[in-house]
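Whole structure, please, built from the sequences with the hints as guidance.
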Amino acid sequence: MYLLFILLFPLLIGSALLIFKPKNAFVLSLAASIIELAATAFVLQQASSNPVSFSAPWLASEGLYFSLYVDGISGVLIGLCALLVPFIIATTANTDRANNSQFQGLMLAMQTALMGAFLAKDAFLFYFFFEASLLPIYFLAAIYGGENKNAITFKFFVYTLFGSLFFLIALVYVYLLTPGPFHSADIEVLYQTAKGLSADQQGYLFAAFFLAFAIKMPVFPFHTWQPDTYTVAPAQGTMLLSGIMLKMGTYGVIRFVLPMFPLGVATWGLTASVLSVIGIIYGSIIAIQQKDAKRLLAYSSFAHVGLMSAGILSGSIEGIQGALYQMLSHGINIIGLFFVIEIIERRTKSREIAQLGGITQFSYPLTVTFVILSLGSVALPLTNGFIGEFLLLKSVFDQNVTLGIIAGITIILGAVYTLRLIQKSMFGNVSRITSDFADLTFAEKAVLIPLSVLVILGGVFPSTVLGFSEPAVQQLIQWFK
Amino acid sequence: MQSIPEIIRTIPLTHYIMLSSALFCIGIMGVLTRRNAIIVFMAIELMLNAVNLLLAAFSSYYSDPAGQIFVFFIMAVAAAEVAVGLAIIVMIYRNIQSIDIGVLNKLKN
Amino acid sequence: MSLLFLIPLLPLLGFAINGLAYPKLPKQIAGIIGTIPPLVAFALSLQLFLNFDGQAQILPIADWIKVGSLEIPFAFQIDQLSILMLLVITGVGTLIHVYSIGYMSHDAGFGKFFAFLNLFVFFMLILVLGANFTVLFIGWEGVGLCSYLLIGFWNQKNSYGDAARKAFIMNRIGDLGFLVGIFLLIQDFGTTDYQTIFTAIKSGDYTTDLSIIAFCLFIGAMGKSAQIPLFTWLPDAMAGPTPVSALIHAATMVTAGIYMVIRANALFELSPEVLHFVGWIGLATALLGAAIGLFQNDIKKVLAYSTVSQLGYMFMGLGASAYTASFFHVMTHAFFKALLFLGAGSVIHAMSDEQDIRRMGGLKSKMPITFITFMLGTIAIAGIPPFAGFFSKDEILASLYHHDPVMWSLAIVGSALTSFYMFRVFILTFYGEFRGTEKQAHHLHESPITMTLPLIILAVFSVGGGLINLPHFAGGNEFLAHWLAPLLPEAGAAGEVNFLSLEGGAPLLAAFLPAFLAIYVFGMQKSVPSEDAEISGIQKIIYHKFYIDELYDMLFVKPIAFLSNFFFQMIDFLVIDLFVEGLGRFVKYASSEFRRAQTGNVGIYLFCMVAAIVVILFVSLKSTILP
Amino acid sequence: MNSIIALSLLGILNLFLGFWLSRKTIQAATLLFLAGSMALTAMDWNHEMLWYGRMFHTTNTSISFSLIIQLAAFMVVSFSKGFGIDEEHTHPAEYYAILLFSVVGAILMVSFDHLIMFFVGLEILSVAMYVLTGSDKRNLRSNEAALKYFLMGSFATGILLFGITLVYGATRSFYLTNIAEVIATTPQASTPVFLSIGVLLIIVGFLFKISAAPFHFWTPDVYEGAPTIFTMFMSTVVKAAGFAALYQMLTGPFGSLYGTWVYPIYYISMLTLLVGNITAVYQQSVKRMLAYSSISHAGYLLITLSSNQASTSSTILYYSLSYTLATIVAFGVVMLVAEYQTGRTEKPENFSSFEGLAKQNPGLAFCFTISLLSLAGIPLTAGFWGKFFVFSDIFNRHVYYPVILAIIMSAIGVYYYFKGIIAIYFKEGDIERIELPALVKFAMWACTLGTLLLGVYPSIVKNLF
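Protein chains in written order, with our numbering: chain P, 175 to 655; chain C, 26 to 134; chain S, 6 to 632; chain L, 764 to 1228.
To be clear, the hints were calculated from the coordinates, so they are not data collected in a lab.
Quick list of in silico lysine-lysine cross-link-like pairs, BS3-like style, CA-CA up to 30 angstroms: (1) S:Lys-32 to S:Lys-371; (2) S:Lys-162 to P:Lys-619; (3) L:Lys-1110 to S:Lys-593; (4) C:Lys-133 to L:Lys-1182; (5) P:Lys-598 to S:Lys-162.
Right under this line is the structure:
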C-alpha cells in the first residue's frame, strides 16, 4: 500500500498542478517531493529487513499484474529518485520556473514514471513506465529547451523509443514462453523461463534487451542523441535525465539482462563491455576539448555510465554492487555539477568555458562545493565516486585485465577534463562576463551544500548502502551463477 | 435433377460459368479502359449482370431459390447505386461540364 | 593508544574549522588553529614513540568497503615505520606551520592556506597509518589533492593552475598503476591488509607473479616520488608557496613512494628484477636531476631538482635493498631539504618575491640567521661529514658499492654534482655584492622569529641528524637499523668504512672538491651565470631541462587534444550521427517516392487493384491450376 | 438485433422531424435514438441467438462490435455542426437520417449469418457513404472524392459479389454455418477450383473496404475530399464493420481454408504497413496523414487477423475501440481547427495551420496529443495495448518478420504523429481561443479520457471477451 502511495503521490500532485495551475507551484511541488522522500525513507526502512511488495490484478486475462516491490536493488534506485527530485525542484527557486505550475507538474509526473520503473516487479509494468517516462521529459525539454530544441528532443524521443520497442518484442517473446494458459510477466517467472532457452535464442534476446538499455544509458555508439539533448534541455531536465533517467538503463541490465540471459551474456557480454569501455575512453577524450561546459558534463556522464555498464556486464558481485553505488553517487554528483553550470549560466548568460574565469574571487562557497562535487566525479578516495569506481574497475579488471586497465585510464582522463573545467571557470583571471558575479543565494546554497556533504558521507560510510543492497544482489547472482 | 428444365440441362454448368466469367472480365476491361464516367459505370453494371447470370444458373442447377432471391437483391441494390451514382455524375457535370474521370485528379499527394 | 585516532583527527578538525570559517576568521586565530593540531599530534606521536613496546598493532576504526568476500576496513597500523613517519610528518609539519605564520602573513588566503596544510597533514598521516594498501591509497591520493590545491594556491595565475593540474594528473598516472597493483593483490590474497599479505608472502602461498604486483606498485611510487619518467611535475610544483615546497615537495609527500616500498619490502624482496629496475630508475633520476640542477638560476628550481635527485638516491638505496639507509636518508633529507627551502623562502621573502639568484648576492650580512642555517643545510646536503647528509648518503653509497660498482661510481658523480650546484647557489645568494634593484635593496631585512625559529631548529637536526643511525665506526649504535629491523629482511648492513679505501674516500672527495670548485668559481672569480638569452650549446639544452616537457607535450598532450577534436567533429558528427540521421533521411526519401503512386487518377487506381487481384489469384492458385 | 429495426424506423422518423425541428434538436434526438438503440443492442448480451430466419446471429463479439459502431456514430453526431458550407441550404435531418441508416448497414455487417444480409448491409453502408462523401455539393474536391469512392466502391462490390457467387456455386448455400460445414466436410480434392477463387475474391472485396494496400488508393483522396465529419464516420464505422465482417467470414465459414487465405493476408498486411506508414511521413495535410495512418492501422489489424488466434477477436475489438476513440478526437480537432483557419490560411488542413494551437486552447491541444499518442501506440494510451495484443497474437504463431516490420513502422509512425504535436506545442502561431459547443466538448473529453483509461487499465475492456 505504501508502495502505491510513493508511486502515485507525485503524479497526483503533479496533475493537480497541471490542471489547477496554482500560483505557488514551487512550494507545493517542493513540499510534495519532500513528503515523497519521507515516505520513501519509511518504505526503505521497512525494506531493509525484508522486501516490501504490492500486487493487484492489472490485465489478469493476460497474466499481467500491477505488482511493485522494493528489494535491495530497487530500493537503492527509488532512494536515489526520491532523494534527488527535491533538490532538482529546489534548483528552480527564484527563477521564472519556480512557480510555473506546468514545469513543476511535469517534473512530478516524471518522478512517478521513474519510481514506477524502479518499483515494477512485472516486466510489462516496467516497460510501461520505462516508456511513459519519455513523455514528461520530452515535453520538459521541448517546451523549455534551448535553441534547435525541436529537432534534438524529437531525435531523442524517437531514438530511445525505437530501442525500447525491440525490448518490448523480446519481452513479449519470453513472456509467451512462460507457462500458460495465462502467461506471466513476473520477473521471477521470466527468469525461470529464460533460463531454459538455447544459447543463440538468448543471444538474440540479449541483443534486443541490451539495445534498448544501451540507447537509454547510453553506450557507445548509441550515444549521439545524448550530448545534444543534455545540452539543449533545461537544467532541471538535464538533471532528471542524467541523474535518474539513465539509471533506468543500467537498472534494466541488472534486473533483466543478467539474470534472464546468462548464456547470452556469456556470448555477447564481452562485446558489450568492450563497447562500454570504448565509450569510457571515447567520452572522456571528447570531454577534454569541449567548449560548452554543459556538453562537457554530458560527455563525462557518458563516460561514467560506460564504466557502470561494463562493471555490470562483468556479472560479479563487486560489479553490480559497485554499479548500484555508482548510480547513487553519479546521480548526486552530476546534478550538483549541472546545477553549478546552471548557476554560472544564470549570472553570466554563458556556458563557454573560455569566457569564464576567476569566479572563486566572487563566490568562495560555489568554488568549494564545485570542487567537492568534481572530486566526487573524479573518484577521489573518501568521496562517493571512489567507492563505485573502485569496485567497478576491480570487477572489470577481474573479468579481463586489458579491459580493466583501459577502463582505468578514466581516472586519469577524468581528472584532466574535470580539473580543466574547474581551472577555467573558477580560477584564473576574471573575465568580462564574470566581473560582476553575485555570490550564491540561500536557495542555491541549500542545494549545493547538502549535495557536497553527501559526496563526503558517501565516501566515508558506503557500508550503509552496500549492506542494504548486498542480500538482494547475492540473490540475483544466484540466478545466473 | 428432375426439376431442372430441359432447356437448361442441355447446356452444362461450366458453360454458364465460362460465359459469366467472360462477361465479368469484359466488364473489368471496360472499367479499366474507358474514361467516361458513364461508360465505366455501365461496365460495372455489366459485371453485376455477369454475377446475376451466374447466380441464376447455379440456383437453377441446384434447384435452390436462394440464388435467384439474391439476384433480386442485387438488382434492387444496383438500382439504388445507379440512382446515387448518376446523381454524383450529374453533380460533377454541373460543376465542371465534364465527366471524364481523367480530369478529376485534384486529390493526390 | 586510545588517543591514536586523535593524531589524524586533529589536523582534520583544523582543516574543517579554518576551511569553513575561512574568509571571516582573523589571521592570528586562523594561524593558531592551524598550528595547534600538528603540534599536539607531534606530542602524541612522541608519546607513542617513547612507550612503544616493539609490537606492531592493528587498530580497526570502522568497516569501510564490504562487498561479497571483499572486506576493506578502516584500520590503522602502529609499528616502527609508521611511528617514525608520524614523528617526521608532525615534527617538520609543525615547524613549517609556525614558519608559515610569518611567511604568509601578508597573504589574503591565509586561513585557506592553513586549512589546506592541515588537510595535507591529515592525509599524510592516513597514508602512513593505514593498515592496508587501500587506506594507504586514500592518503596517497589525498596528498595528491592537497599538493594540487597548494601548488595552485595563488589561483589567479593560470601558469600556477597549469602546474597544479600537471602535478595532479601525473600523480594520477602513477595512481592507476598503484590501483592495478591493489587489484592484483586482491585477486591473489583476497585482501589488502599488510599483515595478511606479508605473512602469506613469507609463507610462500601466492599464485601470481609477485614482480608484476611490485612493478605496478612502483609505478605509483614513480608518480608520487617524481622519478623518471613522471618527474617533470615536481619542479613546476615550485609555483606553490615556499612552505608548501618545503613540507610537501621536499620533506614528506614525495617520500611516500619510498615509504611504500619499504612498507612492502617483503614483496619487493621476492621480485629482484623489479628492485634492479628501481635502482636504475633511481640512479637515472638522480643524475638527471643533478645535471639539470647545475644550471638553474631560480633558487627554488635548484632545490626542486636537487630533491628529485635526492629521491633518486633513496630509490637507489632501495634498489640495493638497503632499506634502512634509504629511510635514514628520507629522514635527514626531510630535515636539511626543509631547512634549505625555508631558508630560500626567507630569502625570497626578504627579496620581495625575487627568486633568481642572478639578482641576489651579498645577503649574508643582511640576514645572518638565514645565512648560517642555509649554509649548514648546504653542507649537510653536500654530504660533508659529520653532518646528517653525510651519514645517510654514505650508507646508501656503501650499500651500492657492495651491490653494483657501476651504479656506485655513477652515484658518486651525482653526489659530486649535488655538492657543486648547492654551493653555487649558496655562494651566489649570500656572497658577492647585491645584484638586485634599489627597491629590493633597502627592503632587505632578516625574517621574523616565526620564520627563523624553525630554521634554527631544522638546522640543529640537519647537523645532528646523523645521530639517529650513527654507524659503529663513528661510535654510534645504528639505532635506526635496530629499530626497523623487525620489519626488514636481514640485509647485509654496510660494514666498517675505511676512509682511505676507495669506498670510503671517493664520497668524501665527491663532496669536497666540487664544493671548493664552486667556491672558487663563484666566490673568488665572482662569475655570475649569464642571462637566458646568452645561454647556448649543451648548457642551453640542460638549462631547458633537456626539453622533456616539450617532448611530453608533443607525445601526449597534443595528440590527445587532436584526438578529442577528431572524435567530436569527425566520428561523432560525421560517422555515427550521420548514420542515425541517415536512416531518418532515407525514410523521408522513400516516402517522397512512395507518394508518387498516389496520382489521383482513378483509372490507375483501378488498374492497380486488378493487377493485384490477378497476382493474388495466380500466386495462390498456381499449385491447383497449373499441374 | 431489434436495434436495426428501431434505427431504421427512427431514421425515417428523423426525416419527418426535419420538417419542424431545428438542427440542434434533431441532433439531440439522434443522439437519443442512438443511445436507445445501444441499450437495445446491449440487452442481447450473453443471449447468443439467431434472428429472422437464421439470417442474423448475435454473439457477444458481434454485439460489442455493433456497440462500438453505434458509439462511434454517437460521437460523430455529437461532433456534427452544420453540414456543408452553409446551414440554411442544407437539410441536416437528411444527413442524420442517412447516418442512422448507414449504422443499420454496419450492424447488419457485423451480425449477419447469411450472405444476402451481409451484402445488403454492406451496400446500405456504402451507398450512404457515397452520398455523404459528395454531400458538400459545391465543393469540387468533395465531388471528385464522391465519384472516386463510388466508382471504385461499386467495382469492389462487383468483385465481392462474384466471389460470393462462386462460393455459393461451390457450397450451394448462403448460410455461413452451412458453408462452413460443407467446406469442412468435403475433401480438398473434390472441392471445385472456383471455391478458393471465390474466397479470394471475397477477401479482395473486404480488403478494399478496409483500405489495405494495394486496394487503398481511394482512401487518402476520399478521406481528404469528404467533409471531415463524414471522414470521421468512414474511418471509424466503416473500418470497424469491415473488420468485424472479414473476421467473421475468415474464421467462420472459411476457417478450414486457412491455408488458402492466410498468405495473401499475411503479405498484404506487411505491404499495407509499409505503404501506409512510409507514405504518411511525406504528408503535409493532417487529414491526409490521418488517412494514411488509418491504412497503416489496417495493416496491424490484418497481422493479427492472419495469426488467427483464439484471442484475435478480442484483439480486433480492443484495437478497433482504441483506434475509434483516438481517430474521432483527431478528426474532430482537425475539423475544428480547419473551420477556424478557413479564410485565414489557404491550406487550413495542413500542419502549418495547427501551429501554436496549445497557446490559447490547452484542452484542445491535450486531447489532440493524447489521440495522436494513442495512434502512435505510446504507453499510457489505449493504442499501446492494441499494438501489444497484436504482437502477442502474431508471436503465438511464431511468426517474426511482420513484427520486426511493425516495430520499425511504429517508430516511423511516431515520427509523423509527432509532427502534429510539435506543431501545436512548439511552433509559433496565432490561434485564438476556439469556442466549442458543449456537445463537442463532451464527446472530445469522453473519448480522450476513454483512451487514457483503456491505456492505464486495459482489462476493463479486454476482460469482457
